[in-house]
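J.: Work out the full structure, taking the sequences as your base and the hints as a guide.
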Amino acid sequence: MYCEDGMSTISLRLPDTLLREIEKRASELHVSKAEYIRRALEAMNLDLARKQRDARLKALSPRVREESMRINAEFATIEDAPDA
Numbered sequence: 012m013y014c015e016d017g018m019s020t021i022s023l024r025l026p027d028t029l030l031r032e033i034e035k036r037a038s039e040l041h042v043s044k045a046e047y048i049r050r051a052l053e054a055m056n057l058d059l060a061r062k063q064r065d066a067r068l069k070a071l072s073p074r075v076r077e078e079s080m081r082i083n084a085e086f087a088t089i090e091d092a093p094d095a
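Residue numbering for the sequence shown follows the working numbering, beginning at 12 and increasing consecutively.
Cross-link-like lysine to aspartate or glutamate pairs, in silico, EDC-like; alpha carbons within 16 Å at most: (1) 44 <-> 34; (2) 44 <-> 27; (3) 44 <-> 32.
Source of the hints: derived by calculation from the structure; they are not laboratory data. None of the values given here were measured: they were computed from a predicted structure.
T.: Dropping the structure here:
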């Protein structure tokens, strides 16, 4: 459900062991369970975004390397040219 204050409400079922762990950790941090869960979800979203960015960069890396090697070869040809 979407609210006017920019905050939405959801309902979810959690295993009792997980809920107890959330309660314990939230208490240690002196935050509500809801705040603890919000922070956990935000951290997970950031981590996932970082992993996706890293995967995209890793996938592009060989293409960038190939292009760099091609350009380096062109510069090497130019540098070796007698009229350069």
